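Visitor: Chains A, B and C are the protein sequences, given in the same order. First residue of the first sequence: 4, per the numbering used here; consecutive thereafter. First residue of the second sequence: 4, per the numbering used here; consecutive thereafter. First residue of the third sequence: 4, per the numbering used here; consecutive thereafter.
Just so you know, not all the hints are guaranteed correct.
As the list claims (entries may be wrong) - Taking lysine-lysine pairs in the DSSO-like style, the calculated list, with each CA pair at most 30 Å apart, reads:
{"hint": "1", "chain 1": "C", "residue 1": "K165", "chain 2": "A", "residue 2": "K165"}
{"hint": "2", "chain 1": "A", "residue 1": "K180", "chain 2": "B", "residue 2": "K195"}
{"hint": "3", "chain 1": "C", "residue 1": "K108", "chain 2": "C", "residue 2": "K172"}
{"hint": "4", "chain 1": "B", "residue 1": "K180", "chain 2": "A", "residue 2": "K195"}
What the hints assert, rightly or not - Simulated coverage check for chain B against chain C, where a stretch passes if three residues somewhere in it have a Cβ under 8 Å from a Cβ of chain C:
{"hint": "5", "stretch": "20-30"}
{"hint": "6", "stretch": "74-83"}
{"hint": "7", "stretch": "98-109"}
Stated by the list, open to error - Partial pick of chain A residues on the chain C-facing surface, computed with a CB cut under 10 Å:
{"hint": "8", "residue": "V104"}
{"hint": "9", "residue": "L166"}
{"hint": "10", "residue": "F167"}
{"hint": "11", "residue": "N198"}
{"hint": "12", "residue": "E201"}
Source of the hints: derived by calculation from the structure; they are not laboratory data. Here the structure is a predicted model, which is why all the values come from computation and not from measurement. The beta-carbon is built from N, C-alpha and C at its ideal position, and this holds for glycine as well.
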Amino acid sequence: MRLRFRPVDTSFYDLFTESAGHLVRGVALLAEMLSDTADHDNVAARMREAEHAADETTHSIVKKVNSTFVTPFDREDIYALGSGLDDIMDSMDEVVDQILVYEVKVLPPELSEQVDVLQRCAELTAAAMPKLQSMKELEEYWIEINRLENQGDKNHRRILAKLFSGEFKAMEVLKLKDIVESLEDAIDGFEKVANIVEQLAVKES
Amino acid sequence: MRLRFRPVDTSFYDLFTESAGHLVRGVALLAEMLSDTADHDNVAARMREAEHAADETTHSIVKKVNSTFVTPFDREDIYALGSGLDDIMDSMDEVVDQILVYEVKVLPPELSEQVDVLQRCAELTAAAMPKLQSMKELEEYWIEINRLENQGDKNHRRILAKLFSGEFKAMEVLKLKDIVESLEDAIDGFEKVANIVEQLAVKES
Amino acid sequence: MRLRFRPVDTSFYDLFTESAGHLVRGVALLAEMLSDTADHDNVAARMREAEHAADETTHSIVKKVNSTFVTPFDREDIYALGSGLDDIMDSMDEVVDQILVYEVKVLPPELSEQVDVLQRCAELTAAAMPKLQSMKELEEYWIEINRLENQGDKNHRRILAKLFSGEFKAMEVLKLKDIVESLEDAIDGFEKVANIVEQLAVKES
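Chain A on its own, in the form it takes in the complex:
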């Protein structure tokens, strides 16, 4: 057991980093859900827990904004960044929930391409959050996220074209379309967060 001698003051940077950490965990669960041998109920239960943990962090951010006199950025921007990160978790949770409640048994292999994109996005975002303190070396992050979002967009249209090709039954197409759209929402969410960070950097410069 470690003793704590100094009062703990989690900074906004720590909380954003924590929030992005939940996203890394969320993508890992998403990848697990897509594997052929996944126990859907079990993964979905763990995703729900991860989503609750992410909610806690978001609430801590909002509470800290309310109780802090001098904030490192405008209150609205902290709020936007916190809820932007939270929205991504919600979209990933939605994917897992849709696979569960729609009782989808076979997922086209193309979906893993989107999970790969999400994995890169989550890692980059988690690595970028601590850099908000110095506001340095962030440009590469948002440029790469934008590139990944473009890639995700191309994948998305190709997956939809496949779904509409006549290979799947109408009801299966409807289920899978909802799922791939939630995947795209998650990718778009990372772009939104990157845009907020870019605007913050513009303001600070």
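Given the coordinates of chain A, work out where chains B and C should sit on it, guided by the hints.
Guide: Same frame as chain A, now just chains B and C:
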């Protein structure tokens, strides 16, 4: 007949309360549209009127922002709140219009659950608007709206799972899916308004 | 060859006008894509170029914001307007791409009504951008855009009702629904831009 001795100056608080009042009326019409014996043309015509009345109030808000020198909140926030309330009315109007133009005859009973959620949201929002003046006792409002939105989200996924279960024909699923998504847009709209109010309270504190 | 004697300083107004000019070109390509005799691959390739050119202008706007000390509006508003215009181009590019990758052969004639709406929106927006400098005579612009968006909304619901009427096969409906929704996103994008301009005018007044 009552004589008016004092000049009438409708405040921003009155206008927001009026705007939320239109939403209470809109939900009532929505509930009527969903009843088995509803005359769709008749309800849709009255909804159109209610939507126009809501538009008038929104225009009054924008006009007042333009002509007032000192506003109680930032102009952008007044604008965001006004258009946030207006968006909800548009979504509810869309539901009624979709039921009419898609010529949907049988609506799954689960849809009323979402209208119940909307009814609670509209009442809470209408009760919260006058409190913007003191900015007090609003926390309960936005917490409850967030809870209702979560509930609506769960209902939404369950309804979709039912639509995709094979019980309905593909074309019927497409029509109903559009309708339940507009219902969800309206619920999301109430959450957006609650978030704006929460951010206002953060700024003012 | 013309000699340039004065240093060229493209203003923000010029860049916004340039950005709106790309939209005029984009709509023209969209109209071409919808014609019966269109070579889909060829039009899509030219649309991709037009979209890249629009991206360049957006990047110039962002770069100029970053390197300019005194901006004519708040940095965030310049950013919002620039990315608002860019989003419209993305939606129009998406329509062309969907027609290509979904291999849609027959497009219902009603789609041209939406392209007509987009054409009017693009022209009005291109004519409004230079007026940002004086902030005069802009009210007519945003009122007309709002009217066009309402018209587009009505068209949209009527087109969906037709798609759901039983005249088309389920898979065809799914493809066409995606396309008409991207068309509506583009129209909504013009309304968003008009709203930003309206809010700018409110701030400046």
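Visitor: Could you run down the list of hints and mark each one as holding or not?
Guide: Hints, one by one, checked against the model:
1. C/K165 <-> A/K165: Satisfied, since the Cα-Cα distance of roughly 25 Å is no more than 30 Å.
2. A/K180 <-> B/K195: holds (26 Å)
3. C/K108 <-> C/K172: holds (13 Å)
4. B/K180 <-> A/K195: holds (27 Å)
5. 20-30: Coverage by chain C is violated for the stretch 20-30 of chain B (0 residues, Cβ < 8 Å).
6. 74-83: holds (count 3)
7. 98-109: holds (count 5)
8. V104: violated (21 Å)
9. L166: This interface hint holds because 8 Å falls under the 10 Å limit.
10. F167: With a minimum Cβ separation of about 5 Å from chain C (threshold 10 Å), the hint on A/F167 holds.
11. N198: holds (8 Å)
12. E201: Because about 8 Å separates A/E201 from the closest Cβ in chain C, which is inside the 10 Å limit, the hint holds.
Hint check: violations occur at hints 5 and 8; the rest are consistent with the structure.
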